[in-house]
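**Q** In order, the protein sequences belong to chains P and G.
Quick note on numbering: this note's numbering labels position 86 of the first sequence as 86, and the sequence is numbered without any gaps.
Quick note on numbering: this note's numbering labels position 233 of the second sequence as 233, and the sequence is numbered without any gaps.
Hint data in this document are derived by calculation from the structure and do not stem from the laboratory.
Hints are not guaranteed to be accurate.
Copies of the same chain look alike in the list, so a pair counts if it works inside one copy or between any two.
Derived DSS-like pairs: lysine-lysine, alpha-carbon spacing no greater than 25 Å straight-line [as the list claims (entries may be wrong)]:
| id | residue 1 | residue 2 |
| --- | --- | --- |
| 1 | Lys125 | Lys36 |
| 2 | Lys158 | Lys125 |
| 3 | Lys81 | Lys280 |
| 4 | Lys158 | Lys280 |
| 5 | Lys231 | Lys4 |
| 6 | Lys158 | Lys286 |
| 7 | Lys280 | Lys94 |
| 8 | Lys267 | Lys158 |
| 9 | Lys260 | Lys224 |
Please read these numbers as outputs of a predicted model, since none were measured by experiment.
Given next are the chains, with one letter for each unit.
2 protein chains.
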Amino acid sequence: MVKKFIIAIDLGGTNLKCALLNSSLEIKAKSSFSTKSFKNKEELIGSIVSAINSFTLRLKIAKGSVLGVGIGLPGPVDTFKGIVHFLPNIPGWKDVCLKKILERETCLPVVIDNDAKLMALAEYKAGSAKGYSNVLCLTLGTGVGGGLIIANSLYRGKDNAAGEIGHIPLNERGPVCGCGSQACLEAYVGNGRIIKEARKLFGSDITLEKISQLARSNNAKAVKFWDEVGKKLGLALAGIVNLLNLDAIVIGGGVSYAGKALFESVKQVIRLRAMSVQAKRVSVFKAALGSDAGLIGAGYLVRERLLA
Amino acid sequence: MVKKFIIAIDLGGTNLKCALLNSSLEIKAKSSFSTKSFKNKEELIGSIVSAINSFTLRLKIAKGSVLGVGIGLPGPVDTFKGIVHFLPNIPGWKDVCLKKILERETCLPVVIDNDAKLMALAEYKAGSAKGYSNVLCLTLGTGVGGGLIIANSLYRGKDNAAGEIGHIPLNERGPVCGCGSQACLEAYVGNGRIIKEARKLFGSDITLEKISQLARSNNAKAVKFWDEVGKKLGLALAGIVNLLNLDAIVIGGGVSYAGKALFESVKQVIRLRAMSVQAKRVSVFKAALGSDAGLIGAGYLVRERLLA
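The following block holds chain P by itself, in its conformation from the complex (with noise of 0.2 Å):
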């Protein structure tokens, strides 16, 4: 039987998304639960294995034609082992063999990865990054993940540790960071930090999504807030630029809808601070997938280790 079925799961803090891929990795389907709902780590890893039989039974998929499971999930993981050392934002789980436990349950050969790897991968082949060589993915949400292109191939690092962006150190000195450090790039703009700023600025009930559609129709304290939002990003990805000679930048994450008022800050941050060569060479750009990346990733996830 042809393998021509992907199932891909994203696991976020606030969201688990499901979905079906066809071999072109397009969704054919999808369902959405909120993460919230599960009372415990058994409960959420049920919501899964019912969410991957439920696209079999109720589409009527056989196994057979499944060429595997693709996860990302919010946390430092062993891609290889399947193992989830542990999820930052979801209490209770710790060092999970979650690759096994879905194998059993599912009778589905399963992939698992951290999700900013996964959202590199997807628009490294198929979003703003296609046709880059050497490129950072960012997501700006409650953490600021990231995940790296070296020479065409996603870079893991031994641990599969890389791409942790959002603790590259902006000062010698500055606000207390959660992973224990200070002055990390995510203690200034992570959802937290920023939320709390803007809402000294713009009042207690304002959110990031009005501070941006005010950006984008020119409101001016609006785009002065994300242009310093821009310039803190800027120092950290200048810094980056100078050490690997990048050919792009993808931004995604809630924060990347800030539009122009964000990039610009950003890019011209990277035009003052980093070498003349490396600021030339690199574009920055916003991510093309959205909230479907992570999905797609794991697509590409499955593809790439099961077809091997």
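With chain P's structure known, arrange chain G on it following the hints.
**A** Relative to chain P, chain G alone:
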């Protein structure tokens, strides 16, 4: 005829070093000239030609037994086209087709590259980082240069400009840097800056060698001096370790002789400021090949490029 010899050249701001390497890349003969003794670019190139020819003439090495000439240069280089873009510390070089000139004058194949990249290649192949996969090698001198080994290969970036660790910002604002930016690592720990600090503390006739000696014999003021340098360096490295999940960092150049005071400080800052998985993974070493690293790296470059 078996091409068993390689001629290696390491052009620095201070010395022009030339060596004859055998097929095991051992140095069999060596010569050295003061770079400052040459009036201009033409004289300097002439002396490189003489040095090459003197090996073949003086040591009676048939040109047919020389695989090629490898040259390391202290500035940005197009290694594939053989062009030297410019040399920050040697005036008069602007887009010089060095490979073509030398091949015409010596009738030998010539390969050129940036010196920090060759040092990294040498330390990875035959020095402190042998056996590691993802390595940053840095040289602390007037400039702070670096070379990256990623997934067991020298990583260049699109313009052969990767590795500029000296130009990672340590703060949003800080001392002006030679690159046109501010607060770069080099602006804090380049020799120019630290010798100024040293004179304030130790008097105007102090040298960095002397402070290194003092630190090795536990002079408290000297230990504190290198500890401060190590804190700046360690912070830049902590960010890179988070980003790249490196397994090894190799520190070379004159300042690396400061010994324990510098290295312990670097390691402590990495432990404090990098994420736990990444901090645990990375080993920090002193460069093993000393001032020969550039020559040996030039040997590996010739092998990689001309035997491939």
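**Q** Now tell me, hint by hint, if it's right for this structure.
**A** Taking the hints in turn, this is what the structure says about them:
1. For a Cα distance limit of 25 Å, the shortest separation of Lys125 from Lys36 qualifies neither inside one copy, at 31 Å, nor across copies, at 50 Å.
2. For the homomeric pair Lys158 and Lys125, the shortest alpha-carbon distances inside one copy (23 Å) and between copies (18 Å) are both at most 25 Å.
3. Taking CA atoms no more than 25 Å apart as the test, Lys81 paired with Lys280 passes between copies only; the shortest distance there is 20 Å, against 40 Å inside one copy.
4. Taking the shortest Cα distances, Lys158 and Lys280 sit within 25 Å of each other only across copies (11 Å), while inside one copy they are farther apart (31 Å).
5. Taking the shortest alpha-carbon separations for Lys231 and Lys4, neither the intra-copy value of 45 Å nor the inter-copy value of 54 Å comes in at or below 25 Å.
6. Taking the shortest Cα distances, Lys158 and Lys286 sit within 25 Å of each other only across copies (21 Å), while inside one copy they are farther apart (29 Å).
7. Proximity of Lys280 and Lys94 under a CA criterion of 25 Å is satisfied inter-copy only: 19 Å between copies versus 44 Å inside one chain copy.
8. Taking identical chains as interchangeable, the C-alpha atoms of Lys267 and Lys158 lie at most 25 Å apart only when they sit on different chains, with a minimum of 19 Å there against 31 Å within one chain.
9. For a Cα distance limit of 25 Å, the shortest separation of Lys260 from Lys224 inside one copy, 11 Å, qualifies, whereas the shortest one across copies, 47 Å, does not.
Of the numbered hints stated above, those contradicted by the structure are hints 1 and 5, listed in ascending order.
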